[in-house]
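J.: Sequence:
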Amino acid sequence: MSTCSVHPLPYRANPAEYFTAIRHAPGAVLLDSGRPAAERGRYDLLSAWPEATLAVWPDESGSDFLQRLRENLALLGDAALPAPYDELPFAGGLIGYLSYDFGRHLEQLPHLAVDDLRLPDARFGLYAWALISDHQARTSQLVFHPKLVESERQRLITLFSHPAPSAPATFTLHGKMTPDLTAQAYQQALARIQDYIQAGDCYQVNFAQRFRAPCIGDPWVAYCALREACPTPFSGFQSLPDDGAVLSLSPERFVKISQRQVETRPIKGTRPRGATATEDAANAAELLASPKDRAENLMIVDLLRNDLGRTCRIGSVKVPELFSLESYPNVHHLVSSVTGELADDKDALDLIAGSFPGGSITGAPKIRAMQIIDELEPTRRGLYCGSLLYLDVRGEMDSSIAIRSLLVKDGQVCCWGGGGIVADSEWQAEYQESMTKVRVLLQTLEGL
3 MSTCSVHPLP YRANPAEYFT AIRHAPGAVL LDSGRPAAER GRYDLLSAWP EATLAVWPDE
63 SGSDFLQRLR ENLALLGDAA LPAPYDELPF AGGLIGYLSY DFGRHLEQLP HLAVDDLRLP
123 DARFGLYAWA LISDHQARTS QLVFHPKLVE SERQRLITLF SHPAPSAPAT FTLHGKMTPD
183 LTAQAYQQAL ARIQDYIQAG DCYQVNFAQR FRAPCIGDPW VAYCALREAC PTPFSGFQSL
243 PDDGAVLSLS PERFVKISQR QVETRPIKGT RPRGATATED AANAAELLAS PKDRAENLMI
303 VDLLRNDLGR TCRIGSVKVP ELFSLESYPN VHHLVSSVTG ELADDKDALD LIAGSFPGGS
363 ITGAPKIRAM QIIDELEPTR RGLYCGSLLY LDVRGEMDSS IAIRSLLVKD GQVCCWGGGG
423 IVADSEWQAE YQESMTKVRV LLQTLEGL
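Position 394 of the sequence shown, counted from 1, bears residue number 396 in our numbering, the numbering being contiguous throughout.
What the hints contain is simulated information worked out from the structure, not anything from laboratory work.
A virtual CB, placed ideally from N, CA and C, is assigned to each residue, including glycine.
One thing to keep in mind: the hints can contain errors.
Subject to a maximum C-alpha distance of 20 Å in a straight line, what follows is the list of computed PhoX-like cross-link-like pairs (lysine-lysine) [to be verified]:
id	residue 1	residue 2
1	294	258
2	320	258
3	258	348
So the derived label-pair ranges between C-beta atoms look like this [as the list claims (entries may be wrong)]:
id	residue 1	residue 2	range
4	263	65	17 to 27 Å
5	118	165	34 to 44 Å
6	369	9	23 to 33 Å
Between the sequences and the hints, there should be enough to build the whole structure, so can you do that?
T.: This is the structure in structure tokens:
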């Protein structure tokens, strides 16, 4: 098997310092663990100038698109990383997003919600190089797949060794971020969900509302401000054609595969951070003790055990962590972990096909919950609740659930907030929670 070459660079805790050099390059993408402020993430990964760009066609089946991704990975070719770099997460491969609506290519769903953002349901680049920072080892390095020609390697080494100063840029909203739904419409939608729950259609439905404002300027400026205000371990920035971008400040992993070991970490259960240490500790304790939040979390854990069971070796699916507390700048979350081992005849893309979109942002049972979401949310979610992910030629993968995520496109910025609705949900509390989750994002953008 061919081996990647690795070129060390000076370590940078903040990937923005390196990303600036490729900010305006085609296919520029950053998967960002939120350092130095966020605690959990280990790696940042950035690249540009993909060998190929792959978007799902409107009428293409999910399995056909995933097969196209598979074939492009095979064209790039297997490669290993040399010691001592073999722990690095990416040896060349795919980086991109799956929108929530990629679920329509995998399952039969109604078409009631309006697709007014016109974002492709999935878009990936095939990358033969990446700049990877390892925050545990405190190293930054360029990783070159063997397919990348020598002249391109030298160009990239020069580019990142002598970064040019970034041109000044701005990002401004023309008005406040306003919700698409009135409080009354939100209340009516929740009543409808609870009718479905009483009728036995479902146990839980994740319901979201969208906020938006017209904007002008460089979305990268907005991303840098947001990552400072709300550092999270599954952040990311992906440039789109026509000056658009995906901006994600997600705290939630979808699925990770390393050496065929699978992990998913669903978040279900939220409380705001307190104004004082005492209030903060009380909010955390209330969340940990809440029967409603524990029941919601357990429902999603069961759903994910079932999803992972479709592609994991029989008997390998376990729940090593249940109801852990994770705290972020604006909220406390209740998080669990489900693990498994890929079956011999399955790969990472089979796992995506069997488990996307994530259960924590749909509800249970999943397909019925997705049908209800399509009926009650007036517009399609697009990127929101989809996934930012990488998948390399070795089969290593990590992916987020794109909550706390924004889309800048066609002169406006959109952001979504939602939560799991169950039988005893109170609409005012849920409405407030959907606001709490995105307040720091909205305030940051309005302050630029």
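J.: Now tell me if each hint is right for this structure.
T.: Taking the hints in turn, this is what the structure says about them:
{"no.": "1", "hint": "294 to 258", "verdict": "violated (28 Å)"}
{"no.": "2", "hint": "320 to 258", "verdict": "holds (15 Å)"}
{"no.": "3", "hint": "258 to 348", "verdict": "holds (15 Å)"}
{"no.": "4", "hint": "263 to 65: 17 to 27 Å", "verdict": "holds (24 Å)"}
{"no.": "5", "hint": "118 to 165: 34 to 44 Å", "verdict": "holds (38 Å)"}
{"no.": "6", "hint": "369 to 9: 23 to 33 Å", "verdict": "violated (47 Å)"}
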